[in-house]
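Trainee: Chains A and B are the protein sequences, given in the same order.
Position one of the first sequence corresponds to residue 908 (this note's numbering), numbered consecutively onward.
Position one of the second sequence corresponds to residue 436 (this note's numbering), numbered consecutively onward.
It is worth saying that the hints were derived from the structure and are not from the lab.
C-beta: ideal position from N, C-alpha, C; glycine also.
A few of these clues could be false.
Residues from chain A that keep clear of chain B, each with C-beta distances beyond 12 Å, as calculated [unchecked claim]:
id, residue
1, Gln997
2, Thr999
3, Arg1000
4, Pro1127
5, Pro1137
Partial selection, computed: residues in chain B whose CB lies under 10 Å from chain A [to be verified]:
id, residue
6, Pro510
7, Arg512
8, Val515
9, Pro526
Computed footprint of chain A on chain B; a stretch qualifies when at least three of its residues, placed anywhere within it, have a C-beta under 8 Å from a C-beta of chain A [said to hold, decoys possible]:
id, region
10, 484 to 495
11, 535 to 542
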Amino acid sequence: MSLLAGLGAGPAGAAGGAAVVPAPRRPTSRAWLWLLLPGLVYLLLLFVVPVVALLATSLYAPVPGGELGQYAPALRVANYADALAAFWPQLTRSFGFALLATLAALLIGYPMAYVIAVRARGRPLLQGLLLVLVVAPFFTSFILRTIAWRQILADDAFVVQALQLLHLLPEGGRLTATPVAVVSGLTYNFLPFMVLPIYASLERLDPRLVEAGADLYASPATTFRTVTLPLSLPGVVAGTLLVFIPASGDYVNSSLLGNSTNTSMVGQVIDARFFRVLDYPTAASLSVVLMLVILVLVGAYVRRAGTEDLL
Amino acid sequence: MAGAGALELTGVTKRFGPFTAVDALDLVVPSGSFFALLGPSGCGKTTTLRMVAGLEHPTAGTIAIGGSDVTGTRPHRRPVNTVFQSYALFPHLSVAENVGFGLRRTRTPEVERRVREALELVELGHAGDQRPAQLSGGQQQRVALARAVVNRPAVLLLDEPLGALDLKLRRQMQIELRHIQTEVGLTFVHVTHDQEEAMTMADTVAVMNRGRIEQMGPPAELYEHPRTVFVANFLGQSNLAPGVVVEEGGGTLGVDVAGHRVLVPAARAVAARGTVLVGVRPEKVRILVAGQEPGPGENVLGPGRVTDVSFAGVSTQYQVELPGIGTFGVFAQNLLGGATVPLGAPVRLAWAAAHTFALDGRDAAEGTTDLDEAS
Ligand SMILES: Nc1ncnc2c1ncn2[C@@H]1O[C@H](COP(=O)(O)OP(=O)(O)OP(=O)(O)O)[C@@H](O)[C@H]1O
Ligand SMILES: [Mg+2]
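Generate coordinates for the entire structure from the input sequences, incorporating the hints supplied.
Mentor: Right, here's the structure in full:
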């Protein structure tokens, strides 16, 4: 319903705008409606319908005396309280891990993007090569890469052995099944989503502005802080969102690299509730909570970053 | 004079691969002077300024500002500011923040007051809170000017700072710039390809061509005593005719130009023997119609025919075809109204011998191409 209302608001809004600033040629064609149609149908079927179903499921109640996995439509709001009471550690851990992974990806990804966009400027071949290297991990499957990480971080692999040799890891210490492994996996898997938007921002940055900074007595570090960084902020905002959102709902990394009680994330819980315990209402209510929290966090972040006028 | 220069370039060369953009440039800009670097597009003006600002490193040579060598100094440590040809305003900062950028870096007190004054100077006092993108091209250019001037640098580098302004604002800003320069006593290096702007504003003009300085001096001297074909044609226009020196004596050269004897003061001749190019400015030349005779001490060429008459308001510009010599331009003041000589009329040309100059004849081959370019 809200979709139809939105459709109705489109032309009305346009007409209102035209009344304030009279446009010389008012578009009379309705072609844009037809152009929008496939996308709207797609969204309706694959987003709106599932979300409505999810909301409904989150309020289902068990059938009295029914079998495992039997639920009936209801309005059992207590599902949310139960789910939160039981799984709040996993929920907060998810956002904690996602935040750490986002920060790590930013710290690793910004310099990478800077080197490709600024240092390699004017050498398109080198830039192309480096960009291919950034996206190259996508040529193999997400799962396979994460399994490879499990082998790299395994107890008998060289990383653990080297760390033990350097006494950075105690004898018998391990990396797999630790938060470090999960956060590393998240960082690694989502790094390209950080690098590419920052690269795009820096690539667009006019090098003459950096020269103007130097000409106006700003040292390279000051020029970076006052010119380069603010102008690349749209890329940073886009990159952090593209990493944080999927990372907070991820369950592949936590199940393949964590696999113990103190690393499980909410995605893993939803997966287990849904497919193993057949506890659909809890899985659904956790999903809804995850969605809402992300929405609120992202909204607050974008508002704080205040880069709308730069985007 | 060593040490008195606010800016000294010694043997400065810049090569981009095999291409030499600036070739062994020697230059002394006296402190407090208004110096114009004049030259056609691509002659290396911007590259020269960039080397002074430290944004480009010279392939060879040294640069000194205020007597101290800055050749290896980073740009942010040089006491110079640039008004960039492309403005290069910071899009994420307001106009006032742009102008205050340099002051904040040097921790100058009273940033706000200085910024306001600088903006008022360029008549943009009302635009401080706006973003550069909201301003017109000319307004942006003035912001760029304010952003550089406000720092009161030892040397201010201006790379065609008035290029985007309309004629009226351009004249006004020229006067304003001169005013700022004399009032604050800054040294200005002003790059332009507008010869009129260079001549009206500068104390010293350097004419640059292909990475070299062809001639340097006060505007009037450059105009009256051009030493190369390029300068003769780039700074104003010149009528040039090849000839051979046939006699010399008494401070005067006698030159044979296609059978006519033309006198040139020896002091105004770059070469005193062999083949030379005899030159005279078009506004110095008089048209003699049938029955008119030249006065004493005048050089005469012709007869020829008027091939073009064009009215240009204050003057009428004639083209006169002289057989065996070439086409001469004549600017006649419209004292009595419009054109007085009709198209196709048989005429002779006369001018005072004292206004004749002579260039080296070997310059000619190179000069002929530039002749078309300049006209
Ligand atoms: N970074 C560079 N790499 C290669 N060639 C360059 C570079 N910068 C300038 N050049 C060349 O050097 C020459 C001089 O350029 P410059 O920008 O100094 O010209 P200009 O005199 O300022 O011209 P204009 O009046 O058009 O601004 C040009 O032929 C240009 O192609
Ligand atoms: Mg230039």
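Trainee: Does each hint fit the structure? Answer for all of them.
Mentor: Hints, verified against the model:
no.: 1; hint: Gln997; in the structure: holds (40 Å)
no.: 2; hint: Thr999; in the structure: holds (36 Å)
no.: 3; hint: Arg1000; in the structure: holds (37 Å)
no.: 4; hint: Pro1127; in the structure: violated (8 Å)
no.: 5; hint: Pro1137; in the structure: violated (5 Å)
no.: 6; hint: Pro510; in the structure: holds (4 Å)
no.: 7; hint: Arg512; in the structure: holds (8 Å)
no.: 8; hint: Val515; in the structure: holds (8 Å)
no.: 9; hint: Pro526; in the structure: holds (7 Å)
no.: 10; hint: 484 to 495; in the structure: holds (count 3)
no.: 11; hint: 535 to 542; in the structure: holds (count 4)
Of the hints listed earlier, those the structure fails to meet are numbers 4, 5, in rising order.
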